[in-house]
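From first to last, the protein sequence lines stand for chains L and W. Heads up: the first sequence runs through residues 1 to 111, numbered per our numbering. Heads up: the second sequence runs through residues 1 to 114, numbered per our numbering.
No lab work stands behind these hints: they were computed from the structure. Treat each hint with caution, since some may be false.
Keeping only pairs whose Cα atoms sit at most 25 Å apart, straight-line, the calculated PhoX-like set for lysine-lysine is [stated by the list, open to error]:
1. K98/L with K56/L
2. K98/L with K57/W
3. K98/L with K65/W
4. K103/L with K57/W
5. K98/L with K42/L
6. K98/L with K3/L
7. K103/L with K57/L
8. K103/L with K18/W
9. K103/L with K3/L
10. K103/L with K56/L
11. K3/L with K57/W
Chain by chain, the residues run as shown.
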Amino acid sequence: QEKVQQSPESLIVPEGAMSSLNCTFSNSASQSIWWYQQHPGKGPEALISIFSNGNKKEGRLTVYLNRASLHVSLHIRDSQPSDSAVYLCAVSRTNAYKVIFGKGTHLHVLP
Amino acid sequence: EAAVTQSPRNKVAVTGGKVTLSCNQTNNHNNMYWYRQDTGHGLRLIHYSYGAGSTEKGDIPDGYKASRPSQENFSLILELATPSQTSVYFCASGDAAGGAHEQYFGPGTRLTVL
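I would like the entire structure built from these sequences, with the hints used as guidance.
Below you can see the structure in the form of C-alpha cells.
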C-alpha cells in the first residue's frame with residue numbers, strides 16, 4: 001500500500017514570506033503527484049500537478065519532484081493570508097483508479 | 001467548469017439507523033469516489049466506481065455500501081449507522097486520462113451519529 005507522508009504538520013509564516021511544504025511517497029512507480037488546497041468547511045481543490053522529475057512553476061507556486069529520493073515539495077512565493085488552508089499531497093500510478101492522500105499541512109499566513 | 005454536488009450537507013442520525021449520502025456530478029467523468037476525512041487520518045477512501053453499475057472497495061469499506069446507478073450519481077449507504085461513522089464525507093469525480101488523476105470534490109457532508 002502506497003504511503004504518503006507530509007511535513008510539517010503545521011506551518012506559520014508572515015505575509016510576503018515563502019512557504020515550503022514537503023511530501024514523501026513510498027513507491028517510485030507513482031506516476032502523478034498533485035497538490036490540493038482545502039479551506040475550512042470546503043472540499044479540496046486541485047492546485048498543481050507534476051509528473052516528471054524536475055520542477056514546474058505556475059504563478060506563485062513552484063513544485064519540485066525528485067523521484068530518486070521519493071520527495072516532492074511545494075513552494076508558495078509571497079504568501080498571502082488567503083493562502084491559509086490545509087495542503088494535501090496526493091499520488092497515484094498510471095492507469096490506477098486510486099489516489100493516495102497525505103494527512104496534510106496546515107498553513108497559516110499571518111497578516 | 002467541474003461540478004460535484006452532495007446531499008444532504010448536514011445529517012444527524014441515530015445509532016442503528018440507515019443513512020444514504022448522495023452525490024451528483026455534471027463532469028461526465030467515469031470515476032467517482034467516496035472519502036471520509038477525520039482529524040489525524042486525512043482523507044481515506046471508502047468506495048469508488050469506474051463507471052455506471054460498478055462499485056469497488058476502497059481502503060476502509062467495512063460498514064458501508066455504494067451504488068452507482070448512472071454516470072452522474074454515486075451513493076454511499078450506511079445500513080446500520082454507528083457513532084464511529086461520525087465524520088465529514090466527500091464525494092469526488094475524475095478521469096484517469098493520460099495518467100492524470102485530478103479529482104473534483106464536492107462540498108462535503110457532515111454526518112453525526114448519536
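Go through the numbered hints given earlier and state which of them the structure violates, listing their numbers in rising order.
8
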